[in-house]
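From just these sequences and the hints, can you work out the full model?
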Amino acid sequence: MLQKMLENVRMTNPLIHNITNYVTVNDCANIILASGASPIMADDKNEVSEISSLCQGLVVNIGTLNSRTIASMLIAGKESNKNNHPVVLDPVGVGASKFRTETVKQFLEEVTVTVIRGNISEIKALAVGKGRARGVDANIADQITEDNLSEAITFLKAYAEKVRAVIVVTGAIDIVTDGQTSYCIRNGHPMMSSVTGTGCQLSALIGAFVAANPDYPLEASVAAVVSMGYAGQLAFERLTDKDGNATYRNYIIDAIYRMTPDLLEKGAHYDIR
Amino acid sequence: MLQKMLENVRMTNPLIHNITNYVTVNDCANIILASGASPIMADDKNEVSEISSLCQGLVVNIGTLNSRTIASMLIAGKESNKNNHPVVLDPVGVGASKFRTETVKQFLEEVTVTVIRGNISEIKALAVGKGRARGVDANIADQITEDNLSEAITFLKAYAEKVRAVIVVTGAIDIVTDGQTSYCIRNGHPMMSSVTGTGCQLSALIGAFVAANPDYPLEASVAAVVSMGYAGQLAFERLTDKDGNATYRNYIIDAIYRMTPDLLEKGAHYDIR
Amino acid sequence: MLQKMLENVRMTNPLIHNITNYVTVNDCANIILASGASPIMADDKNEVSEISSLCQGLVVNIGTLNSRTIASMLIAGKESNKNNHPVVLDPVGVGASKFRTETVKQFLEEVTVTVIRGNISEIKALAVGKGRARGVDANIADQITEDNLSEAITFLKAYAEKVRAVIVVTGAIDIVTDGQTSYCIRNGHPMMSSVTGTGCQLSALIGAFVAANPDYPLEASVAAVVSMGYAGQLAFERLTDKDGNATYRNYIIDAIYRMTPDLLEKGAHYDIR
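Protein chains in written order, with this note's numbering: chain A, 83 to 355; chain C, 83 to 355; chain S, 83 to 355.
No wet-lab data here; the hints were simulated from the structure. One should not assume that every hint holds.
[Unchecked claim] Derived DSSO-like pairs: lysine-lysine, alpha-carbon spacing no greater than 30 Å straight-line: (1) A:K324 - S:K348; (2) A:K180 - S:K160; (3) S:K127 - A:K187; (4) A:K239 - A:K164; (5) S:K324 - A:K324; (6) S:K187 - S:K127; (7) C:K160 - S:K187; (8) S:K324 - C:K324; (9) S:K324 - C:K86; (10) A:K160 - C:K187; (11) S:K180 - C:K127; (12) A:K239 - A:K180; (13) A:K127 - C:K160; (14) A:K324 - C:K324; (15) C:K324 - A:K86; (16) C:K348 - S:K324; (17) C:K127 - S:K160; (18) S:K244 - S:K86; (19) C:K127 - S:K127; (20) A:K164 - A:K244; (21) S:K160 - A:K187; (22) C:K164 - S:K180; (23) S:K127 - A:K160; (24) C:K187 - A:K127; (25) S:K187 - C:K127; (26) A:K244 - A:K86; (27) A:K324 - S:K86; (28) C:K180 - A:K127; (29) C:K239 - C:K160; (30) A:K127 - A:K180; (31) A:K348 - C:K324; (32) C:K180 - C:K160; (33) A:K164 - C:K180; (34) S:K164 - A:K180; (35) A:K160 - C:K180; (36) C:K127 - A:K127; (37) A:K187 - A:K160.
[To be verified] Covered stretches of chain C, going by a simulated chain S footprint (3 or more residues, C-beta under 8 Å): (38) 110 to 118; (39) 131 to 139; (40) 332 to 344.
The structure presented is a predicted model; accordingly, all values stated were derived computationally and were not measured. Built from N, CA and C at the ideal position, the CB exists for glycine as well.
What follows is the structure in C-alpha cells.
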C-alpha cells in the first residue's frame, strides 16, 4: 500500500501550492521536489486563487502567520475546495497566541480540510480549545508514550470524526487516524527535533502524497509519515561524529530523494488499531 | 573571454541589490558570495532607492511576488537606471497569474532592463502575451530541443531586439542572445531541476557577472550561465548513491566557490550562432 | 566560565523569540537548536507580545527591515523589558539607509537592550551617527587591526557605557565589552565572511546564551562569540578542496551542535583588557 502511494507521487508529479512560513520554506520546496512532486509558493491574495486552481493540492502552514496572508489562505482554501483538491493544514504554534488560534478556527470554519498535521499540543489546542504549547514545540506533559497511547488514540479518533479530516500527530510515536482506522508509526529518530521544520517538511510531503492519491488521504498520509520518519533513520545512520543538525537536515531530504517504493515498504514500522 | 568575466567579479567584488523571493533567497545570497560578489537584500520602499544607489547592480525576482514590494521593485529599478547600473529581471512564474503578468509588464514599461532570465514558458508568456507555464516550471510542450533549436533562437533574437535586452533562456539547452549574437550552451545536468531555485540562483549570479562587466552584458551573462551549468556537472560528479537534491544544492554552490577562470574556460560547452 | 555558560544553555533550553530577516532565518533557527536552545520566529504585531512573554529572550535583527514589522519589534522589545528578558539587537546595515538608522534609533530610545552585535561600521554608525557601511558589510577603512585595537576598545567601552549594554563587534578580531571589562577574541576564520548570515547566526546564538545566563550578559556574549568563532575554525578543518561556502555553512552549525563545554574552553583564544 505504501509502495503504491509513493509510486503515484513519482508518476503523477503533482503541483503543490504552499502558503507557508519564511523559516522552513526552502526545505519544504526541496522535500517536495525530493518526493517527485513540484512546489509553488505564492501568498498574495491577488493571485492565490489562480495559482491554487493550477495545482493539485494546497498546504497551509501558519509558522510565521501574518495579517497579510490570512485572506490568501482562505481564498486558496476555498478555491481548492471548489476544485476538489486536497487541503493540508499545519497549525504551527496554535495555542501559543490568540492570533494563531483564531486564524485556525476561522480557517476550519470556512475551508474543508483533508489533513491536519501537528504536534500533540497543537492538536489538543484545536480540539480542546486550550493548548499548552511551548512555542512551536509540544509540551512535555502532553507527550504520547506507550502508557497513554490508547487514550491518545481514542481522543484523536473522536477529533478526526468531529472535523471529518485525517489527523496526523507526530512525536516519539506518530498517530494517523481518520476516526475509523488508526496507524501508530514508530519510524523516526529523536534527533529530528534538532532540525528546524521537520514538521513543516512533513506537512509539505503529506501535501504531495495526498495530491497524488486523492482517494486515499489516510493511506497517503501514512506513507508520507513513514517516508519522513524512515528518512530520519537512514539519514542518522550516515552521520559521522563531526556532523550535526545542519548536515542531518540535508541527509533527511536526500533520503526522501533516494527513497524507493520497496525501501519504504521494508523500512515501515507501524501497527493498525 | 569567460575567464576575464569571472576574474572581474573576483577583482571588483560588486555589491548586488536583490529584491527577491523568500524561498530561495538564502541560496541566492550564498551563490553571490561564492562568485566573489556581495549581496544585499532589501525590499522596503522606504529604503530601496538608497540601497540601490550604494550597489553596482540590481536583481529583481518575482518568485513570491506580493503587493508590498511592487513599488519597491519599480523604485529600485528606476534608481538603477539613473545610475546606469545593470538590472536583471527574473519573471518567475509569469503567465501563471494575471498578477505576475501585469507586474512584469509594468516593470518592463517603466524600467530599462539589461538581462531577462527565465525558462522558455516564462519568456514565451512575456513575448507572446500568453504563457503555458506549469507553475514555476516550463511546460513540456515549450521545451527547446535540437529539433526546434533554430526556430527558438529566431524567436528569442526577435524578442531580444524588441526589448533591447539580453535574453537568457535556461533548460536542457540554454540560449543567451542580445538579438545579434546567440550562444547555445550545453553545460548543466538534468538533476538541477530537482533543486529549488537553481534558476533564481543563476539570475543572482548573472547580476554579479553583469555588474562586474557592465560593458559586456552578453558575454557576462554567458559566463554566468556556463558557470552555473558547469557547477551543476561538477557537483553531480561528487554525489554518492546516498546523496540527493539537498547535498546537490550545497555542492553546486561549492563548485561556484571553487570555480577558477581556467576551469570555467575548459569546462565551457557552447557554440555561437 | 565559558563552560558554565554553554552548560546552562544545554540545561535550561531557553525559548528564544526572533524577529529577523528572511535571508538567514533558517540558519538562525538551526544554530539556536544546535546550541541547545529553541527558536520561535513570529513577527506579526497581533501576537508578538504574547509570544515574547512565553520566551526567555528576544533577538531583533533588521536584515530585511520592513514597515510592517517595526511596530512588532517595539512591542516585543517592551514586553521583554517588562518581563526582564534579555534583548539582543542586530542592527544589520544600519547607516546604509535612513530607514534603518531611524528605526534603530527609535528602538534604542524605547527599548532597553542587553546586547548590541554588529560589525564595526554598524556600531560606528550607531555611536557616531554617521556610518560608512558597505551594504551589510563593514567598510574596509573601519576594520579593527592590531594597530588600532586600543583605540577601538576605548571607543567601544565609551559607547557601551553610554547605552548601558554589552557591545559585541565582530571582524578579524572580535571585541566584547560592557564598558568596564573588554574581551579581545581571536577565534574565527576569514572564510566565515563568505557565508551569508554568520553575523545573524551569532546574534541568534548570543540570544540563546544570554537567555540561559541572564545575570551574566558579558560572559554569556563572550561564550557565544567564542563558540561561533571556534566553530568556524573546526568547520574549516573539515573542508576538502571541493567544498566551498555552502558546505562550510553546514559544518559551522554542525560544530555548534557538537560543541562541548570542555572543547569550548580549550579552543577559546582571547585576552581581557
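Hints and how they fare:
For the suggested pair A:K324 and S:K348, the alpha carbons sit about 17 Å apart, so the restraint of at most 30 Å is met. Between A:K180 and S:K160 the alpha-carbon distance is near 19 Å, which keeps this suggested pair within the 30 Å criterion. Taking the CA atoms of S:K127 and A:K187, the gap is about 19 Å. The hint holds against a cut of 30 Å. Using a Cα cut-off of 30 Å, the hinted pair A:K239 and A:K164 holds, with the two alpha carbons roughly 27 Å apart.
Of the pairs offered as hints, the one joining S:K324 and A:K324 holds, with about 18 Å between alpha carbons and a cut-off of 30 Å not exceeded. Of the pairs offered as hints, the one joining S:K187 and S:K127 holds, with about 20 Å between alpha carbons and a cut-off of 30 Å not exceeded. Our distance criterion of 30 Å between C-alpha atoms is met by C:K160 and S:K187, whose separation comes to about 29 Å. Distance hint between S:K324 and C:K324 is fulfilled; the C-alpha atoms sit about 18 Å from each other, no more than 30 Å.
In summary, the hint linking S:K324 to C:K86 is supported, as the alpha carbons are separated by about 22 Å, within the 30 Å threshold. A threshold of 30 Å between alpha carbons decides the hint, and for A:K160 with C:K187 the separation of about 29 Å falls inside it, so the pair holds. A C-alpha spacing of about 12 Å is found between S:K180 and C:K127, which places the hinted pair at or below 30 Å, so the restraint holds. Distance check on the hinted pair: A:K239 and A:K180 sit about 26 Å apart at the alpha-carbon level, within 30 Å; holds.
Annotation: proposed proximity of A:K127 to C:K160 holds, straight-line Cα distance about 26 Å (limit 30 Å). With a C-alpha separation of about 18 Å, the suggested pair A:K324 and C:K324 falls inside the 30 Å cut-off, and the hint holds. For the suggested pair C:K324 and A:K86, the alpha carbons sit about 22 Å apart, so the restraint of at most 30 Å is met. Taken as a hint, the C:K348 and S:K324 pair is honoured in the structure, with Cα atoms around 17 Å apart against an allowance of 30 Å.
For a cut-off of 30 Å, the pair hint linking C:K127 to S:K160 stands: about 26 Å separates their Cα positions. With a C-alpha separation of about 29 Å, the suggested pair S:K244 and S:K86 falls inside the 30 Å cut-off, and the hint holds. About 20 Å separates the Cα atoms of C:K127 and S:K127, which keeps this hinted pair within 30 Å; it holds. Under the criterion of a C-alpha separation no larger than 30 Å, the hint pairing A:K164 with A:K244 is consistent with the structure, at around 22 Å.
Of the pairs offered as hints, the one joining S:K160 and A:K187 holds, with about 29 Å between alpha carbons and a cut-off of 30 Å not exceeded. Taken as a hint, the C:K164 and S:K180 pair is honoured in the structure, with Cα atoms around 20 Å apart against an allowance of 30 Å. For the suggested pair S:K127 and A:K160, the alpha carbons sit about 26 Å apart, so the restraint of at most 30 Å is met. Note on C:K187 and A:K127: the hinted pairing holds, with a Cα-Cα distance of about 19 Å set against a maximum of 30 Å.
Using a Cα cut-off of 30 Å, the hinted pair S:K187 and C:K127 holds, with the two alpha carbons roughly 19 Å apart. Only pairs whose Cα atoms come within 30 Å are accepted, and A:K244 paired with A:K86 is accepted, the gap being roughly 29 Å. Proximity of A:K324 to S:K86 is assessed by CA-CA distance (about 22 Å); at most 30 Å being required, the pair is judged to hold. Simply put, C:K180 and A:K127 have alpha-carbon atoms about 12 Å apart, close enough for the 30 Å limit, and the pair holds.
About 25 Å separates the Cα atoms of C:K239 and C:K160, which keeps this hinted pair within 30 Å; it holds. A threshold of 30 Å between alpha carbons decides the hint, and for A:K127 with A:K180 the separation of about 23 Å falls inside it, so the pair holds. For the hint linking A:K348 to C:K324, the alpha-carbon distance of about 17 Å falls within 30 Å, and the restraint holds. A threshold of 30 Å between alpha carbons decides the hint, and for C:K180 with C:K160 the separation of about 23 Å falls inside it, so the pair holds.
With a C-alpha separation of about 20 Å, the suggested pairing of A:K164 with C:K180 holds against the 30 Å cut-off. Taking the CA atoms of S:K164 and A:K180, the gap is near 20 Å; set against the 30 Å cutoff, the hint holds. For the given pair, A:K160 sits about 19 Å from C:K180 by alpha-carbon distance, which is consistent with the 30 Å threshold. About 20 Å separates the Cα atoms of C:K127 and A:K127, which keeps this hinted pair within 30 Å; it holds.
Distance check on the hinted pair: A:K187 and A:K160 sit about 15 Å apart at the alpha-carbon level, within 30 Å; holds. Beta-carbon proximity to chain S at under 8 Å applies to 4 residues in the region 110 to 118 of chain C; the threshold of 3 is reached and the given coverage holds. Counting residues of the region 131 to 139 of chain C whose beta-carbon sits less than 8 Å from any beta-carbon of chain S gives 4, enough to reach three: the coverage restraint holds. Only residues whose C-beta sits within less than 8 Å of a C-beta in chain S count toward coverage, and the region 332 to 344 of chain C has 9 of them, enough to reach three; the restraint holds.
In terms of the numbered hints stated before, the structure departs from none.
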